[in-house]
Amino acid sequence: MKAFRILIKNISDGFKSVFRNFSLSLASISCITITLILVAIAIILSENVNKFTDDIEKDVTIVVYIEKNTQQIDIDATKEKIEALRNIESITFTSKEEIRQEMSKDSDGLGTILGEYNESNNPLLDEFLVKVTDTEKIGETANRIKELPFINAVKYGEGMVEQLVKVFDVVKKITFVIVVGLVIVTAFLISNTIKITINNRKRQIEIMRLVGASNAYIKLPFFFEGIILGFLGSLIPIFLTCYGYIFLYQKLNGILFTEVITLVNPDNILFHLSIILMAIGIIVGAIGSYRAVRRHLKI
Amino acid sequence: MNLIEIKNTYKQYKNGVTALCDLTLSIPKGDFVFLVGASGSGKSTLIKLLYRQEKPTRGEVYVGGINVAKLRNRKVYKLRRKLGIVFQDYKLLPGMTVYENVAFALEIYGLPEREVRKKVMNAIEKVGLKEKFRSYPDQLSGGEQQRVSIARAIVNNPKILICDEPTGNLDPNTSLEIMEFINKINEEGTTIIMATHDKDIVNTYKKRVITLEKGILISDKEKGGYKTNESI
Ligand SMILES: Nc1ncnc2c1ncn2[C@@H]1O[C@H](COP(=O)(O)OP(=O)(O)OP(=O)(O)O)[C@@H](O)[C@H]1O
Ligand SMILES: [Mg+2]
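If you read the sequences in order, they're chains A and B. Residue 1 is where the first sequence starts when you use our numbering, and the numbers rise one by one after that. Residue 1 is where the second sequence starts when you use our numbering, and the numbers rise one by one after that.
In short, the hints are calculated from the structure, not lab data. It is possible that part of the hints are untrue.
What the hints assert, rightly or not - Derived pair list, reagent style DMTMM-like, types lysine to aspartate or glutamate, alpha-carbon separation capped at 20 Å:
1) 2(A) / 113(B)
2) 91(B) / 206(A)
3) 172(A) / 54(A)
4) 82(B) / 54(A)
5) 202(A) / 113(B)
Please read these numbers as outputs of a predicted model, since none were measured by experiment.
Just chain A, same shape as in the assembly:
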């Protein structure tokens, strides 16, 4: 009970201190706000990028054209050889006849042209559709397949996919670095705010010591001050990202450019995101105040 009352007192002292130096607190809070907004954008971007890559990856297939007049037995053997390779998720065989019918259905013009051919003189090639597990290594896998016998040609996203994945990767890394940098700057700013509070209260701290306040009792309000600054700084970013993302999602109907690339559903992300933002705010505040107390409150 005693400890609880002391804790309450420490927290309320922390609050009072935030509002006593309000202009200074506001600077820290603004910095956290800006940082966390960027963090939020970074997280939303990277979550969506992850989703895009997933979506695209699901769509990426290697098309393997089989030499004309290959015997069914050789086709089966090749299929087994491909399956034995690394990085193969699935492989399906489509005969040239199936393709012909498919293409005829898709377009009337093509249908007329292809209609002139029959099973025996079909100019198309049998093919395998191969899906890979790791899109980044799709080129390597395609080359391996190419080296197998009875293969006429191999086609896939033609490096486009690999590049896209790489660009997304770089974007992710850059945002991560920016966020880490901002977090550090914010921690320093909070640390500085708390340092000024400590200096303003040198006399009070001295007297507290003299009347028998324990070190923890003296230090805790400063920790809480940092935590409160972090907490207050996370409110606007949470509000903004929740409403902003829902708005954006609805505006874009949940897709980006094409039906293939869908956005992450707000329901799946915003709750976690809010908690992450608040946690970062609080942790940064705590680290900042810890540093200030360690360096400037030597008692």
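Following the hints, complete the assembly by docking chain B with the ligands onto the known chain A.
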């Protein structure tokens, strides 16, 4: 062991000044001790050793059974909770009212609000400032401020009240008022150690008088008087 035991204690400051030299003395519970001596004789230094503002260079200092010399920084508060300290410069917080300044010393214990209020008002009443508990220090006279600092020192019923020239800045009448008050607290059982320059007070109250000179204890008399340099 007595409430306060000081054994062969030396204090040398970093700048080389030896403020106390081979001091040995003991103060039993309930004593009222005047600490006198010329300026620079080491009175404040001795008092600072008692509340662990300074550590002795050599020797042992026990206060209420705690070895002050070995006390870690983190544990100093345990010692100070046994003590009430009255400073010559009051050490009040200007932004706080009389009530808040006194309550300040109690809040650290995590007592319920009601109990804090009762004890604080009780202490303020004892020092006769009941009417002014909402005033700020700069609205009070020197004597009144000193009484606030006494109220803060006694609010938690300390075993020992340590005063470093509590009447230093006050006129004779106000000094007497304060002394009456400290005397009353002593009669209620609190041990008092008081450094002072005030001859009249020392001679009037006839308490134990410890005289220091250049850091050396030169006399320790029950019911003593203030020694002038000529009489030594
Ligand atoms: N923090 C310090 N650092 C260095 N020397 C100090 C310090 N405090 C006191 N001294 C020296 O120690 C000696 C004793 O000082 P102290 O304050 O104990 O004297 P005092 O008896 O209280 O004097 P006064 O009656 O003027 O208050 C003095 O020579 C003083 O200069
Ligand atoms: Mg002195």
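Here is how each hint holds up against the structure:
1. A C-alpha spacing of about 11 Å is found between residue 2(A) and residue 113(B), which places the hinted pair at or below 20 Å, so the restraint holds.
2. Restraint check for residue 91(B) and residue 206(A): satisfied, since their Cα atoms lie roughly 9 Å apart, inside the 20 Å limit.
3. With a CA separation close to 15 Å, the supplied pair residue 172(A) and residue 54(A) stays within the 20 Å bound.
4. With a CA separation close to 68 Å, the supplied pair residue 82(B) and residue 54(A) exceeds the 20 Å bound.
5. The suggested pairing of residue 202(A) with residue 113(B) is violated, with an alpha-carbon distance near 26 Å, which exceeds 20 Å.
Checked against the numbered hints given earlier, this structure breaks hints 4, 5; the rest are met.
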